[in-house]
Structure formats: structure tokens, C-alpha cells
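These protein sequence lines are chains A and B, in that order.
Under numbering that gives the first Met the number 0, think of the first position of the first sequence as 0, with each following residue one higher.
Under numbering that gives the first Met the number 0, think of the first position of the second sequence as 0, with each following residue one higher.
Honestly, the hints are just simulated from the structure, not real lab data.
Mixed in with the good hints there might be a few duds.
Claimed, not checked - Below, computed lysine-lysine pairings styled on DSS-like, alpha-carbon distance capped at 30 Å: (1) A:LYS262 with B:LYS178; (2) B:LYS186 with A:LYS346; (3) B:LYS178 with A:LYS190; (4) A:LYS346 with B:LYS94; (5) A:LYS262 with B:LYS141.
Residues per chain, in single letters:
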Amino acid sequence: MERRRIPLRAAGALISRRAALPRSLAEWRAELAPRAAFLAQSLVLLLVLLFFWRILSNAIGNLEQQNIASGFGFLNSTAGFAVNQALIPYSEESSYGRLLIVGLLNTLLVSALGIALASVLGFVIGIARLSSNWIVARLAAAYVEIVRNIPLLLQIFFWYFAFLGALPSPRSAAGWMESVYAHNRGIVLPKPVWEEGSALTLQLLLLALILCPLLLRFARWRRETTGSRPAWIQSALIALLLAPLAAFLLTGAPISLDYPELKGFNFEGGITISREFLALLLALSLYTAAYIAEIVRAGLLAVQRGQVEAARAIGLKTPQTLRLVVIPQAMQVIIPPLTNQYLNLTKNSSLAAAIAYPDLVSVFAGTALNQTGQAIEILFITMCVYLSLSVLTSIAMNQYNARLSRRKKSAP
Amino acid sequence: MPTIRSARRIAPLFLSALAFLGAPALALAQNGETLQQTKDNYGVVRCGVSQGLPGFSNPDSRGQWEGIDVDLCRAVAAAIFGNANKVKFTPTSAKERFAALQSGEFDILSRNTTWTMQRDTALGLDFIGTLYYDGQGFMVPKTPPLSSAKELDGATVCTNAGTTTELNVGDFFRANNMKYELITFEKADEVVAAYDSERCDVYTTDQSALYANRLKLRNPENHIILPEIISKEPLGPVVRQGDPQWADIVRWTLFAMINAEELGVTSENVDRLRRQSQDPKIRRLLGREGSFGESLGLSKFWAYQIIKKVGNYGEVFEKSLGVNTPLRIQRGQNALWKDGGFLYAPPVR
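Just chain A, with the same shape it has in the complex:
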């Protein structure tokens, strides 16, 4: 052993001495390194691809051997069961493909409304936590600590079984002005019915909705560039807003309301917002709002104290300081973690299955999976859908953030 080690050490010394020569081993290595790296990386990539191919072919082979149906043909076959909330026409005769869209739209509906509600509430609570009013700040802190520390599923059950479940049954529900009824199956509202001639009103309303923001933007641009604001802009705004109302009255008020009525077991007519939807929306937005509040608080605190003092020094009031100085700078800190919360909310909406809200996981990855038995295909589609939703949300939020930072840089 001893004898062997000596020549080895000598060889090492030789290499290190040669490294000092002009055309050194170090140079040679530096030249070769990128090529070796490329080779190693492509090998790894190849292995990863082989790995997935192997898993896929193994799964397909096993399914065939076990006589388990596979493939995506089931998407065209009849689903055969009903869904209690569909934003597009759906019946028992519809296909599994259509069911997928129904579930996806239900997921999108509850996620989009949940994100909107959670953002508003989260911003309010986040700002309230920093309020100089002791009670407001404490209340906001208590809200955050309580809501954040109770599991979401429990909160969903609370809203579904304990809170909304305590409402009276449809037969004994007391109506508000005989048009709005809250009962233990949801809330029933009157439904607007678009009669003949209502098209004009709708078109004018749409026009006003598009043109008003454009006009306001133009007005601001004029004020910033020329310092004056043309008087015609104000009259144009008023005209745009009054036009739909005038059209509505002139065409003889062609929009009526369809009032809900108790018939047999349930209310008929009107729009029913189901108890499942309400419970899920409440739980998701209240829960996520607590996290958003903390993110907003962190963002606001990240703005340097000097900025607030400077704003005060030029005479801005507290709301103006917040709106013009603090929030624009805080947004850049807020947006990345906020995106995370939006993604979490969307993903958490899959807890819907527990309270029978027909979201994507409940109807497609649940019932459809069980009826067809095609677990691999259905879970693959469902995962792809969630992944795409998350990626799209991230892209949108990143672009918004990039726009914010561009604006900040271009500001004088």
C-alpha cells in the first residue's frame, strides 16, 4: 500500500507542474468545458425524455394487458348525469367533452369572483392593519390571525353547513320586497327579461361603457400636455350616460323582471345562486383575503418612510399620499406574492367537491372519472387545465408588473 501511494503522489505533482506551462491543462480544460457541458446536458435531457416515454409506454401496455379501456374517445360519449349549475346549455344527453367545459367554466366563475372579492377585502384589511386607529388595526389583525389559522376545508364546511344551512327552507323563507329570497338552498333574485326593443338600450349602454373610459383618458392627456380641459368633454360624458336611459324610456321600458315564485318544492323563475356556490365563494375569498392583507401590509411597509414624509411636505393629505405615492411603489413588492395567492385560490377551488359545487374536479375528475374509469386520461386533462390556468394567470400578472416598473422608470 505504502509503495503504491508514492508514484501516485508523484504523478499529481507532475500534473500541477505542467499546469504552470504555457499551453496548460487549465486552458485545455477551459476550452473543452463548454463542449463537455453541452454533452452532459443533452445526455440528461435524453434520459429524462426516455424516462417519461418509458412510463407512458409501460402504462399503455399495462392498461391493454389488464383490459382497461384507454384513449380519449370517451369525450364524445354521453355523460348521462345532471349537473346543478351550468353556464352553457347542458343536459344528461350532453357529452363528457361538454361536461369538461361546464366544470371548467364553474371553476373559472368561482375563481374569478373569488379573486376580485379577496383582492378588495385584502387591500382594505391590509391598509386597516396599518391604521393609526387602535381598534381598526387590532380588528384587522384579529381577522388575519383567526382566518389564516383555520384550515380552509373547515371554513368551507362552516359556511356551507353551519352558516348557510341555518337559513329557513324555501317554503318558510321570508322574501325581501317579495323579490329576493334567502333560503337554505341559496339566494333567489328576480331575473331581467329582455323584451323586444331592448336591444337599443343595451347597445347604447355598451357604447357608453367603452367610450367613457377612453374620453376620461383623453381628458387627462390633454390636461397633462396643454394644462387645459375642454368643456365639451364633460357634456359628452353626460350625453353618453343619459343616452341609454333616454332610449329605455322612449322605447317604452322594454325590460321587465321575472320574479321568483314558490311552486311545489322550489322557487321557479328568477335566478338562483346556489348555496354551494355562495359557501365556496365566501370561504375562498375570506380565507385568501387574510393572506392578501399581509402581503399588502408588507408592501406598504416596504415603501421608505422618507417618501411619506416628502409627500406630506408638499402638502398631500393622507388618502392622496396613499393613492399617489405609497401604493404605486408598494405594488411592485405586492404583485409577485399576490400572484401566488391568486393561483392558490384557483387551485383551492377544487375543494368544491366536498360541498357538491360542480367544479372541474368534482364533475370531471370525480363523477366522469368514476363513470368511465379512465383515470389516466381524465387526470391528465384536469392537470393540464389547472396548469394552463396557473401559467396564464402568472403571465398576466408578470406583464402588469413589468408595465408598472416601466412606468416608474419613465416617470420624471
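For this one, chain A is given, so just place chain B on it according to the hints.
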């Protein structure tokens, strides 16, 4: 230098990945494998049951599983080990049950599961017989008084997600041109809670399960089960495809229980009959003549063990579901063929 070092680091990874790719594909169940694994490796019969359905599979106050579905698994354990307690029960939801059986989490699914063509042919599973002939019914509160399911137009209906009941209720309401709203929950307990809190007007599922779940309501006496049966629901045990011997063991365990009732062999008189009976049918069943147990890969006293340790079909039914239990279910279509029911087992010969 870093590249070369990292290349050295991934070399073992590379080699193990190569080994993985070269390995043979996952082996599937072969004939006889399940019995061999059960005897040599597990030491118990691995059985998938419900998450709690009184009369079928439900843990009692001491945490012991009981019910007719449970007793089938106990009977298989008795046939294999001579010990009805050598069973490992795995509770599984309606949604997960088939995937769990396919992936080998257990070897028998005995969980009030309806035998349908789609499930039998497209899932890589085999239904081996009918343990309980059921049909889908409706439960409604006593007020307002209803006498028929035809009066349910416009009702809100609660049931379990991922079951045949969802499809049947759609068929029934469509066929009768009635409107309805369907609310489906993942767990039976959530359905019961929602129905109890008046989220829906009707609870629909297999009639036996309606009787069982009615016991869980706050005021069971305020609810009635409508007379209509809207579907055929033959409930029975399921095994994986690919191991005919295992399917035969489970199938003949069920047949042995039915045949025993037909021949009047009970857990009480089985010892005496084995010693004294001169009836060749009883002698074959109890292993005194022929070698029927051996052809299943079991001992020749397989059926004796089933009857001795678990009982015949009639005994199991009366213990779990019968008129002396809280469920109070009549034998009805689950009586023997000679008593006007559907139960008919091929002979042991």
C-alpha cells in the same frame, strides 16, 4: 473543472436510469398469484369496504367491522386460513374504489357495488356474483305527504357522486318528463347531512342504503321510503381480472354460503352434520366426499370453515340486515329460489 466534476456526479444517476430503462415492465397478476401472495406474504385477506354503511360494512362500537359485505371477506378468510379474523379491511370511497382495486391496494372489493356491464368489461375487473339484490329508491320527509316518486317534479335530489344512482335518477326523471336538480356529494355522510339540513327534498340511493342511512338522521321516524324501485342494482364482490383462481375462490365462497342455507347447514349444526350426515350433497359440501377444496387451491374443509366460522347466507343476512336488526329488511328478492327469491347457487359436484 466544475463541469467535469458534475459529470462525475451524475454518472451514478445515469447508470441507475439505464438500469431502470432496461428492467422488464411491471408484471401483472398471474393465475394463482393472489392466493399465494395472500398466504405467503400478507397473511390476511385484503378487503376493500365502504366508509361506513350499517348492515353492509360498518365498524361497531369496538371498532370491529360488521355487515354482510364484511362477512363475505371473513368467509374467504375462513376458507383460506380457517380463521375468519384474518382480514385487513380498507375503507374506500365510491369514487376511489375501482382504482384502488386495480392498483392492488386490496384483492377483493366488497363494498355494495353495483354490477354493470361497463364496470365489468372496461375496468379490468370481474364481478363474481350477486351478494344482495337491490334497487334504487327514494327517501322523502313525511311532510308534505307524498305517495309516489311520480310526484317529485321540480324536486332537489341529493345522492353520492360517482355512482350508478346519478345515472338512474337522470333516466327516471327524463322518462317521466319531470324537472329536477341534482346535488352530489363525495361521502355518504355528507349526503345525509345535506338531506337532514333540508338542502334537498329527496335522498336517492340503493334502497337498502336508504334504510341504513335513515338511522343516521336526527329524526328517522319523520322520513319515509317511497315504494318505487327505479333500477336493478345487483350488489356483489369484485376482483381484478387475470387471476381466475382467485375469482373462483371468492365466487365459490359465496356459492357455499347459499348452498349451505339451501341444504339447511348452519354454523350450529355443521359439526354434527359433518360427522353424521348421509346426504351426499352435504357430504360433498363439507369435504367428506370428493376433493373440491383442493381444486380451488384450498383445504378440503374450506366450506366447513366458512359455515362454522361465519355462517350460511341466511344467518349472515339475519345478523346484519334482517328483521331483528335496526334495518329491519325482509328477505324479499334475496330469499332462496325455492322461497320465491333470486338466490340460486350452482351445485357442488
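Status of each hint after checking the structure:
1. A:LYS262 with B:LYS178: holds (12 Å)
2. B:LYS186 with A:LYS346: Holds - the C-alpha atoms of LYS346 (chain A) and LYS186 (chain B) are around 21 Å apart, at most 30 Å.
3. B:LYS178 with A:LYS190: Holds - the C-alpha atoms of LYS190 (chain A) and LYS178 (chain B) are around 20 Å apart, at most 30 Å.
4. A:LYS346 with B:LYS94: holds (20 Å)
5. A:LYS262 with B:LYS141: holds (19 Å)
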